[in-house]
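Peer 1: Here is how the chains run, residue by residue.
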Amino acid sequence: MSFEISKEKNEIKENEKSAINIALAGNPNVGKSVIFNQLTGLSQTIGNWPGKTVEKKTGSLDFLGYKFRIVDLPGIYSLSTYTLEEIVSRQYIISDEVDLIINVIDATNLERNLFFTFQLLDLKVPMILAINQMDILRKRHINLNFEKLEEIFKLPVLPVVAVHGKGVHELLEEAIEMVVYKFPHSHYNGTEPENCSHHGHDYYREVHLSDQNNTPNECSREKFEFPDLNELFEYGKEIEYKIKRLQSEIEKHNKQISKFKYPSRFLAIKLLEEDSEIIEIFGKNPDLGYILKNAEKYRNELENMHGEDIHTIISSEIYNKINKIIDEVQEIQPEKERKHDRLTDKLEHITTHSFFGYIILILVILGVYYFTFNFGDFFGGLIDGGFSKLSEYVYNTFGEENIFISVLWDGGVGGFFGAISGVLVYVVPFFLIIEILQDSGYLPRVAFLMDRAMHAIGVHGKSIITMILGFGCNVAGCAGCRIMETEREKRISIALTSLIPCAAVLTVVMGLVGRYLGIGWVLLLFIINFAVILLVGRILNKSMPGSCTELIMEMHEYRRPNFSVILKQTWVRSKEFIFKALPLLVILGISLEIILIFRLLDPINIILSPITVVWLGLPAVTGVFLIYGILRKELTLALLLILADSIGITLLGLLSPIQIFVFSLVTMLYVPCFATIVVIAKQTDWKYALQITLLEITIALLIGGSIYWIYTIFMAI
Amino acid sequence: MRRVKGTPTHQGISLIKCLTECNDGQELTVVNVNSGRGAKMRLANLGIIPGSKIIKKQSAPFRGPVELNVKGTSIVIGRGLAAKINVRCNNDCQT
Ligand SMILES: Nc1nc2c(ncn2[C@@H]2O[C@H](COP(=O)(O)OP(=O)(O)OP(=O)(O)O)[C@@H](O)[C@H]2O)c(=O)[nH]1
Ligand SMILES: [Mg+2]
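So the sequences go chain by chain: A and B.
Per my numbering: the first sequence ends with 1149, consecutive numbering throughout.
Per my numbering: the second sequence ends with 99, consecutive numbering throughout.
Each hint should be verified, as a subset may be incorrect.
Here are the simulated lysine-lysine pairs, BS3-like style, with alpha carbons at most 25 Å apart [stated by the list, open to error]: (1) Lys693(A) - Lys716(A); (2) Lys753(A) - Lys57(B); (3) Lys756(A) - Lys21(B); (4) Lys716(A) - Lys687(A); (5) Lys571(A) - Lys778(A); (6) Lys684(A) - Lys669(A); (7) Lys756(A) - Lys580(A); (8) Lys687(A) - Lys556(A); (9) Lys61(B) - Lys571(A); (10) Lys21(B) - Lys778(A); (11) Lys556(A) - Lys586(A); (12) Lys598(A) - Lys488(A).
Keep in mind the hints are simulated off the structure, nothing from the lab.
As the structure is a prediction and not an experimental result, all values here were calculated from the model.
This is chain B alone, in the form it adopts within the complex:
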C-alpha cells in the first residue's frame, strides 16, 4: 500500500540518518518519524510520511531549524523535531 517499506536495510549501501545529519541540497526519502503523536500527526498531514521524497534545502545557523522541500513547497521544522525524522539518501551520499 505504501510505496516504500521503511526497512533500514532496503538498499544495502544507503544509510539511515536523521535529517539534521544530512547535507544541504540532498534528496532524501523519509524512513520514519520518532516524535510524539501530535507532531507526528501534523507532519503526516503536511505530507511527511514514510516513503515521501523530500529535499533538505538548508538549515539556519546556531543549530537553528531545517528547511525542507516537501511536495514542491517549503516547510520549516525546528531542529529538535528534525532530529527525530530519519531519512535515507536517494543518490550516493555517504558522508
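The following block holds chain A by itself, in its conformation from the complex:
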C-alpha cells in the first residue's frame, strides 16, 4: 500500500475536480483531526477538549491510485442554528464540494454521537460511520456489534483507533467503493475513464470487490442510492404525520426548492423546528408562504399536545430511537465490570475540588513560569557563554575594528545566537507545557473552576480556555474565540485574549526583567497585566449591550497525554518560530548594524522621542524597537541584545533598571502583534481591531508613563 502525501495548497485547488472529496464531520473532541492528520500528514491542533478546530481545513493525499481531498470540519452537536459553525457545516456538507462524509463517532459516547449521525442522515449525503476510540471501549470491556450497526444504518460502519492509525485507511477504501462504484454524480466521475485503467483501481477491485457484480469494463455501474432509512427515521405517529404532510407540500415545489439541495424531509423537520435559515429560504418566495403557515400551525399543535417545545419533542424522539439501537448493538461484558482508573478519578476529583482545585490551578500557573524561566535561563546562559567565547576568538583573529566583522558577526551571527539564547530557549518549553495542558484535558476543568469569576468580566468559563491558548500565541487564542456562542462574548473574549502576555512577550519579560531585575519584578508585571485585563473586561461588559450567556460545555475524561503528539505539536509550533522569526532576526540584525553605522535611525527616533524619551524616560533607540515589536514582540528584546552586543556593553549599560521595567511593561501591553490584529479583524471587523489596538496603546502609555514619573518624583524627594 503506497501512498504519497501532497501538501501544496495550489495543488489541492487544481485537483479539486478530479479528487474524491471527503468531509470529516462529528461531535467535538471525537478524533476528527487525528484522523485528518493521519491521512494528510498535516498538523491540525489536537487536544483533549471540545472546540479546537475552529475553521475547516483542507488536505490531500494519493491512495490506491486515487486522489483524495479531505476536509476537517469543526466539531458540532447538531445541524441546527445554535452556533455559526452548525450552519456553515451543513451548508458545506450538502454543497457540491463534498462527495462523501465520514462521520467520526466516539465509541465511548455513542448516544450523543449518534444523535448527530441522525441529523447527518437527514441530509442524504453518502456517508461512512467511523467508530473511533475503539481502544478505550475495549479497555472498558464493551463489545459493539458492527454487523448489526451496518444492518441498521445500511451504510458502512468501521472500527477505528485514530491515535494508532488503525482503520484509518480502510475508511478510504470504503470511500472508493462508495464514490467510484456507486455514485456517479461526484466530481470524481469527471475524469473517470482515465482512472478506470489505473493500477490501484484494479488492485482494489480484485481484493475488495470480487464479490460484487461490477463488470470490469464499465466504470460507473449503479447510481449510489442513499439507503431507504424510513423505518429508522419513523418518529411517533403525530409528528411523523405532520412531517410527511409538510414533505409532500414541499415536494410540490421541487423546482424552487431543489437548488438549495436540502432533502425534503430535512426541510420539513427544520420548518417545524423554526430553523432561521430554512424559514428565510421559504419566506423569500411568496408561493411557499402557505407552507410556512402550515408549519407553524403543526408546530403549535404538537407543542400543545406534548406540552413541550418542538426541539424537546424531536430530540426525545431521536434519543428514544438511539436507546433502542444501543440496546441492540452494545454489550457490556458483565463479569469484567469496568475497572475504574483510580488515578484519573483522583485527578478528576482533586482538580475540580472547591478548594484544592484552585490551589492546583495556582500551582500549575506558577509551575509553568518557574519551569520556563529556569529552563530558559540555564540554556540561555550556556549559549550566551559559548557565543562570547566564540566572539573573543573571532575578534582576536580578525581584529575588532573590521567593519565586515561588525556587520556579519555582531549583526548576523549575533542576531542568530541572540534569538536562540534570548527567545527560543523560553518559547520551546512554554509551548511544550501548553501542549501537555491541552492534551491531558485540564483546560475544561479550568473553565469549570473559573466560570463564575469570568462572569464578572462579561464572558463565561470557556473564554478562559482561549485565554490560556493566548499564553502560547495570541493569534491562536483569538482565532479560538470562535467557540464563544454569541458575538458579544466573542468580542469580549478576543479583546481579553489579545491582552494576554504570549510566549514572545514572556521571553522579553523573562529575558529582561527576570534576568536583570529578578523574578519578583516579573510577578509584579504580570499582576499589572492581569489587573488591566480585569479592568478592560469590566469596561467592555458594561459598555456592550446584552448580557452574558450561560456555560454549556462537555467535560471529557482525563487522558494520558500522548507524548508523540505533544512533541510533534511542540515541534510544529517551534518550527514556525524558527523559520519565521530566526531569519527575520538575522536580517534585522545585519540591517541594524548598517543602520547604526550610518545613523539612519535617528530621524524616526527623534519623531518618537516625545513619547519614548520624555514621557516614558527610555533611550531614544527604543522607539524603533517598539515599532519592530509590532511585527513580532520578541524583536524588541532581541534587537536590544544585538545593539548592546554591538556597542560592546551589557544590557544594564544600555538601560537602567527602571527603564528595563518600563520598557518591558510597554512591550507587554502596547499593541497586539500584527498577526493578531489581522486575526481580530478577520474574526470581527477592522474597526474593532483598530479600536482594540488604540485602547491598548493608550493603556500601555498611561501605565508606563505613570510608573516612570512616580518613580522619578519618588527618587527626587
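On the provided structure of chain A, position chain B with the ligands as indicated by the hints.
Peer 2: Only chain B with the ligands this time, still in chain A's reference frame:
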C-alpha cells in the same frame, strides 16, 4: 412516546426541585427546562430532555457552574441555566 411524563405529582412523595437545590451525587430525572429557546435546544441536543436520567456530580464554589453526568459523560452547565432545570429525585432524598 416519551418514557416519563413530566407531571409534578407523578410519585406523590418525590419533590420537584431545581437542579441547583439538589445535593451532589444524587440521581435525578429531568422534569422540565424553563430556559430560553436557544439554550433549551442545546440542552435537548445534548440529551437533557424531560425524562432523561442525570446525576448531579458537583458544583463549583461561589455559586459556580454545575457538573452533571448525562448519558455517561460530564456536562458542565452555568449556574443561572442550571437553576432553570427542574428535576425529581429518583431515590428518597427529601432534604
Ligand atoms: N485513546 C484514543 N484517543 C483518541 C483516539 N482518537 C482521538 N483521540 C484523542 O481524542 C482527543 C480529541 O482528538 P481531536 O482529533 O483533536 O478531536 P476533534 O474531533 O478534531 O475535536 P474538535 O476539533 O475539538 O472538534 C485527543 O486528545 C486525541 O488524542 C483514539 O482512537 N483513541
Ligand atoms: Mg479538530
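Peer 1: Run every hint past the structure and note whether it holds.
Peer 2: Do the hints match the structure? See the list:
At roughly 16 Å between alpha-carbon atoms, Lys693(A) and Lys716(A) fall within 25 Å of each other, so this suggested pair holds. Annotation: proposed proximity of Lys753(A) to Lys57(B) holds, straight-line Cα distance about 16 Å (limit 25 Å). Straight-line distance between C-alpha atoms of Lys756(A) and Lys21(B) comes to about 29 Å, which puts the hinted pair past the 25 Å bound. Using a Cα cut-off of 25 Å, the hinted pair Lys716(A) and Lys687(A) holds, with the two alpha carbons roughly 15 Å apart.
At roughly 19 Å between alpha-carbon atoms, Lys571(A) and Lys778(A) fall within 25 Å of each other, so this suggested pair holds. Annotation: proposed proximity of Lys684(A) to Lys669(A) holds, straight-line Cα distance about 23 Å (limit 25 Å). Restraint check for Lys756(A) and Lys580(A): the C-alpha separation of about 12 Å stays at or below 25 Å, so the hint holds. Taking the CA atoms of Lys687(A) and Lys556(A), the gap is about 19 Å. The hint holds against a cut of 25 Å.
Note on Lys61(B) and Lys571(A): the hinted pairing holds, with a Cα-Cα distance of about 24 Å set against a maximum of 25 Å. Restraint check for Lys21(B) and Lys778(A): not satisfied, since their Cα atoms lie roughly 30 Å apart, outside the 25 Å limit. Using a Cα cut-off of 25 Å, the hinted pair Lys556(A) and Lys586(A) holds, with the two alpha carbons roughly 12 Å apart. Restraint check for Lys598(A) and Lys488(A): the C-alpha separation of about 24 Å stays at or below 25 Å, so the hint holds.
Figure legend: structure checked against the earlier numbered hints; hints not met, in rising order: 3, 10.
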